[in-house]
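What follows is the residue order along each chain.
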Amino acid sequence: MAAAKTRTTSFSRNISTAAPSLGPGLKCGPNGTVFVSSGIPDLDKILGGGFPLGSLVIVMEDPEAPHHMLLLRNFMAQGLVHNQPLLYASPNRDPRGFLGTLPSPAASKDDKSRQRDPDQEKGLRIAWQYKKYFGENQLDGQRDGKHEYSNEFDLRKPLERHFLSAQRVECVSFQDCPNLSAIQDHCATFLSQFPRNDGNISCAGRIAIQSICAPQCEYSNMEWDMLSFIRSLKSMVRSSNAVAIVTFPPSLLSPSFCKRWQHMSDTLLSVKAIPDEDKELAQLLTGYQDMVGFLNVHKVARINTQVPLILEATTFSIKLQKRRFLILECLNQAPVDGSSGASYGTSGSCSGSSKTGNLDF
Amino acid sequence: MAESICRVLRDGALEGEHAPALTIKDSIASPFGFHVFSHVLSQLSSFLFAGKSQSRGLVIVSFSRSPSFYLELLKSKGIEVVSSDKRIQILDCYSDPLGWKDRLIEAGSFTALSHESSVSSTAIVFKNVKYMDKLYNSIIELGRGLVGGGKNRFSVAIDSVDEMLRHASMSSVASLLSNLRSHDQVSSVFWSLHSDLHEDRVTSVLEYLSSMVASLEPLHEPANGQRGDLEKFSLIEHNAKKGKFHARFKRRNGRVRLMSEEVRIEQSGINLTSLSSEGAVNQGLAPKVQFNLQLSEKELIDRANVVLPFEHQGNGKPIQIYDGRRSLVDSKQERPVAVTEKVQTNEDSGRGEIIYFRDSDDEMPDSDEDPDDDLDI
Chain A
1 MAAAKTRTTS FSRNISTAAP SLGPGLKCGP NGTVFVSSGI PDLDKILGGG FPLGSLVIVM
61 EDPEAPHHML LLRNFMAQGL VHNQPLLYAS PNRDPRGFLG TLPSPAASKD DKSRQRDPDQ
121 EKGLRIAWQY KKYFGENQLD GQRDGKHEYS NEFDLRKPLE RHFLSAQRVE CVSFQDCPNL
181 SAIQDHCATF LSQFPRNDGN ISCAGRIAIQ SICAPQCEYS NMEWDMLSFI RSLKSMVRSS
241 NAVAIVTFPP SLLSPSFCKR WQHMSDTLLS VKAIPDEDKE LAQLLTGYQD MVGFLNVHKV
301 ARINTQVPLI LEATTFSIKL QKRRFLILEC LNQAPVDGSS GASYGTSGSC SGSSKTGNLD
361 F
Chain B
1 MAESICRVLR DGALEGEHAP ALTIKDSIAS PFGFHVFSHV LSQLSSFLFA GKSQSRGLVI
61 VSFSRSPSFY LELLKSKGIE VVSSDKRIQI LDCYSDPLGW KDRLIEAGSF TALSHESSVS
121 STAIVFKNVK YMDKLYNSII ELGRGLVGGG KNRFSVAIDS VDEMLRHASM SSVASLLSNL
181 RSHDQVSSVF WSLHSDLHED RVTSVLEYLS SMVASLEPLH EPANGQRGDL EKFSLIEHNA
241 KKGKFHARFK RRNGRVRLMS EEVRIEQSGI NLTSLSSEGA VNQGLAPKVQ FNLQLSEKEL
301 IDRANVVLPF EHQGNGKPIQ IYDGRRSLVD SKQERPVAVT EKVQTNEDSG RGEIIYFRDS
361 DDEMPDSDED PDDDLDI
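Protein sequences appear in the order of chains A and B.
Residue numbering for the first sequence follows this note's numbering, beginning at 1 and increasing consecutively.
Residue numbering for the second sequence follows this note's numbering, beginning at 1 and increasing consecutively.
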């Protein structure tokens, strides 16, 4: 399924060979990369398409909030919906229990948007000459319902049982492991199913490792060993058609190792908790009541290219729309209250915030 | 606010969730951790005996105090622990944690003393503190003994994690605590810790493992500087009886609730009151910018003193245009209003003068001459 390529440069590649045929859930990206969805459509947009195959994503947890679990759940559920094999490792005794909390794709959002279109078209008759541009975007967004690249997940509905069959999901617990060699072997055997050779990619794999340096694990004070595991995981993933996501709480590692881990990543995200009933924040940001946390994008994977991806904004608020759908929003600064004499300017955490304020249309 | 902590512990765990866990941490500057621990313990026990809590029993793992201390403490709060009414059990890791008495008896150089009968039924002596898995099993066994099997839950209070860390590695202690939290029959867990006895990593691990963190800090920070001995003494005295009590709650929706109170140590226990405003300095997230939008007092006065070259100064005097050749004070006659050219405003602090020099007196406005006629090209 050849996807519409977004033109980022004025040069166009003269492709003599046909584009590689891709399985469901895979999308061609610039510079010969292939993307898989993160399970969160907003995050895919921010990262420029999704997670590229062969990259290592590291998520820095906040010990005070479980938001990294939301990211993991969506990632894992997306993989299962697209029939991509999954390896899940966690410090709990029974990792299978977590699979019960995976969300199900939200039903028929396409139908709603398709219905809205004819009405919208009537309303936009004045700007009719721009319809040709609208057409392009719509083609990208709406495809055959079953093989959508990226699904919206309903966090209140659990994933259907048939997705969780043993062939597709492998669970590993590393609580009682004295060292990381067992997990390393698991990862190696898992990744050997998806070797990378130039050609058709039938299937991609996903690895999700949760809280690798959890304190109850015996190896958790062996910092060099953990680092070398991450390095070998990165190299194994790079030479296969898979994406690995690893989460860890940075407060449990010494600062120098924390930095080393951050450098190891291809894509680096971090989640932060927000204080409850903080009047200052409520004044500063719109929509504070609905926010559950912040997501920071520190690094975006750029494979096969020297050009970095410079984002307009790096801090996003995590919200649960209708308590079901995970959405990421750019931080909007609340309109300044003239009477109180508050000053303008961007605060330290929200870089590049747009000043649309309360009047968002 | 300590009430909310006790309430959370009382309400316990939901189905399928980890049990709430509280870390009470203090330091030498404000060493009231054990007072807070006793307070929470007595509150939870009173809930337990009144039948209001989710848990049906309480296991106290005592490392730093003897079991009789706890029995006395509960008695003083009006809770009689009778051995027939099994709701509280104490795992005694204080009397003989490493099992030396047995070894000495074996070696023949020690004769066992008879245990106090009132204590022995409620307190079980534990002799293997080096083995966290054995400790875990004993706690679970004791708890099950109290509440039975099935869905009944019990709470666990651990006297001091510092002692545990003396004997066992961090990862085994962490594994014990997290296993306790995830056990089906545990309703809530709480423990106390002296943060300055350990590396930072230990404190952060315990905070990671708990869902509430209560920390004690001195009310007035002792400054390291040249202070008179008398002042220092009064500070120490102040800090000896009072402190700040901060709590961080990790809520289910992923937000963190912060609360602060003032704690005062009294004969009968601790007394918590809301924090007086002088202590609380709220470091908000309000942005700091490089330019100053507020004017100080002096600047406001100076601004009022500036004489502007506009037609009227707003103070009722007749219109005068200052053209740089006469002082403003002298001229009392009305001058014809001439169109001024560009005026440069110069706001000096202090006097607020505006210096303007007219180009030339001879120049008539709207002259027909082309000024460029002068040029010789």
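Some hints could be false.
Label pairs and their in silico Cβ distance ranges [what the hints assert, rightly or not]:
| hint | chain 1 | residue 1 | chain 2 | residue 2 | range |
| --- | --- | --- | --- | --- | --- |
| 1 | B | R252 | A | A106 | 19 to 29 Å |
| 2 | A | T101 | B | R144 | 26 to 36 Å |
| 3 | A | G32 | B | D11 | 30 to 40 Å |
| 4 | A | K157 | B | S182 | 47 to 57 Å |
| 5 | B | K232 | A | L309 | 27 to 37 Å |
| 6 | B | S260 | A | M264 | 48 to 58 Å |
Listing some non-contacts, in silico: residues in chain A with all C-beta distances to chain B over 10 Å [to be verified]:
| hint | residue |
| --- | --- |
| 7 | K27 |
| 8 | G29 |
| 9 | P30 |
| 10 | D44 |
| 11 | R93 |
| 12 | S104 |
| 13 | S165 |
| 14 | Q184 |
| 15 | N200 |
| 16 | N221 |
| 17 | R238 |
| 18 | I274 |
| 19 | P275 |
| 20 | V292 |
Don't read these hints as lab results, they were simulated from the structure.
Please read these numbers as outputs of a predicted model, since none were measured by experiment.
Heads up, the beta-carbon is just placed ideally off N, CA and C, and yes, glycines get one too.
Hint-by-hint comparison with the structure:
For the pair R252 of chain B and A106 of chain A, the beta carbons lie near 22 Å from each other, so the given range of 19 to 29 Å is met. At roughly 28 Å, the beta carbons of T101 of chain A and R144 of chain B sit within the given window of 26 to 36 Å. About 55 Å separates the C-beta atoms of G32 of chain A and D11 of chain B, a value inconsistent with the hinted range of 30 to 40 Å. Restraint check, K157 of chain A to S182 of chain B: a C-beta distance of roughly 25 Å breaks the suggested window 47 to 57 Å.
In this structure the hint that K232 of chain B and L309 of chain A lie 27 to 37 Å apart at CB is violated, the actual value being about 56 Å. Separated by about 39 Å at the C-beta atoms, S260 of chain B and M264 of chain A break the suggested range of 48 to 58 Å. Listed as a non-interface residue, K27 of chain A keeps its Cβ farther than 10 Å from every Cβ of chain B; the least gap is roughly 30 Å. No beta-carbon of chain B comes within 10 Å of the beta-carbon of G29 of chain A; the shortest separation is about 31 Å.
No Cβ of chain B approaches the Cβ of P30 of chain A within 10 Å, the least distance being about 34 Å, so the stated non-interface status holds. Residue placement check: D44 of chain A keeps its beta carbon more than 10 Å from all beta carbons of chain B (closest about 22 Å). The beta carbon of R93 of chain A is not kept farther than 10 Å from every beta carbon of chain B, the shortest such distance being approximately 8 Å. Residue placement check: S104 of chain A keeps its beta carbon more than 10 Å from all beta carbons of chain B (closest about 18 Å).
No Cβ of chain B approaches the Cβ of S165 of chain A within 10 Å, the least distance being about 23 Å, so the stated non-interface status holds. Consistency note on Q184 of chain A: stated as away from chain B, and its beta-carbon is indeed over 10 Å from all of that chain's, at 19 Å minimum. Listed as outside the interface, N200 of chain A is consistent with that label: its C-beta sits roughly 41 Å from the nearest C-beta of chain B, beyond the 10 Å cut-off. Some Cβ of chain B comes within 10 Å of the Cβ of N221 of chain A; the nearest lies about 7 Å off, and the non-interface call is violated.
The claim that R238 of chain A lies off the interface holds: its Cβ sits roughly 31 Å from the closest Cβ of chain B, which is beyond the 10 Å cut-off. Against the 10 Å criterion, I274 of chain A falls within the reach of chain B, whose nearest CB is about 6 Å from its own CB. Listed as outside the interface, P275 of chain A is inconsistent with that label: its C-beta sits roughly 5 Å from the nearest C-beta of chain B, within the 10 Å cut-off. The Cβ of V292 of chain A does not lie farther than 10 Å from every Cβ of chain B; its closest approach is about 4 Å, which violates its non-interface assignment.
Violation of the numbered hints given earlier is confined to hints 3, 4, 5, 6, 11, 16, 18, 19, 20; the remaining hints are satisfied by the structure.
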